[in-house]
Amino acid sequence: MKEKYFTVKDLPVTERPYERCEKYGPQVLSEAELLAVIIRTGSKNERSVDLAARVLNYNQTTPGLVGLNYMNLSDLMSIHGIGRVKAIQLLCVAELSKRMAKATHQERMQFTNPELVANYYMQDMRYLTKEKVFLLMLDTKSRIIKDMEMTSGTVNASLLSPREIYLTALKYEAVNLILL
Numbered sequence: 267m268k269e270k271y272f273t274v275k276d277l278p279v280t281e282r283p284y285e286r287c288e289k290y291g292p293q294v295l296s297e298a299e300l301l302a303v304i305i306r307t308g309s310k311n312e313r314s315v316d317l318a319a320r321v322l323n324y325n326q327t328t329p330g331l332v333g334l335n336y337m338n339l340s341d342l343m344s345i346h347g348i349g350r351v352k353a354i355q356l357l358c359v360a361e362l363s364k365r366m367a368k369a370t371h372q373e374r375m376q377f378t379n380p381e382l383v384a385n386y387y388m389q390d391m392r393y394l395t396k397e398k399v400f401l402l403m404l405d406t407k408s409r410i411i412k413d414m415e416m417t418s419g420t421v422n423a424s425l426l427s428p429r430e431i432y433l434t435a436l437k438y439e440a441v442n443l444i445l446l
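Heads up: the sequence shown is residues 267 to 446, going by the numbering used here.
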């Protein structure tokens, strides 16, 4: 006898994420339902919505969508029902969300005060698990010429010589510098 898989199609139409999104828009879907749409299929014993809920609750210290930003490929693949492809899809969605948040600020923005710099880099730096130093190189109007990671250190330290900073800034003809 063939084993029956439990699928979203077993749900009433009013509870299916795709149909609800189509009828009411994505804003009515829960976080688990949004993630279920992305991962598409569940496993033999669980629907995609339930699998998505387990993914969201995997990170005990930071559960939910924010926790996805702290997860890596091996973390995701350790969840039963998440293979390599689904794990990569989830990592890419997390990266897209960071880039979308950053893109709203990017259009030739002028960094005229520390708050603007903090807002711009918050998405990139919020989820770091070790110290990194970034160099932000600006033109005469305080607009970005280039930003780059200069070094990656340990949990509480990172080393960088002033020589590396100045040589990099000269290479890009930066007038102003900000170290993050």
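Treat the hints as calculated values from the structure; they're not laboratory data. There's no promise every hint is true.
Below, a list of computed lysine-lysine pairs in the DSS-like style, where the Cα atoms sit at most 30 Å apart [as the list claims (entries may be wrong)]:
#, residue 1, residue 2
1, 437, 398
2, 412, 398
3, 398, 364
4, 412, 364
5, 289, 310
6, 310, 368
7, 396, 412
8, 368, 396
9, 364, 289
10, 412, 437
11, 368, 412
12, 275, 368
13, 275, 310
| Which of the listed hints are not met by the structure? | Those not satisfied are hints 6 and 12.
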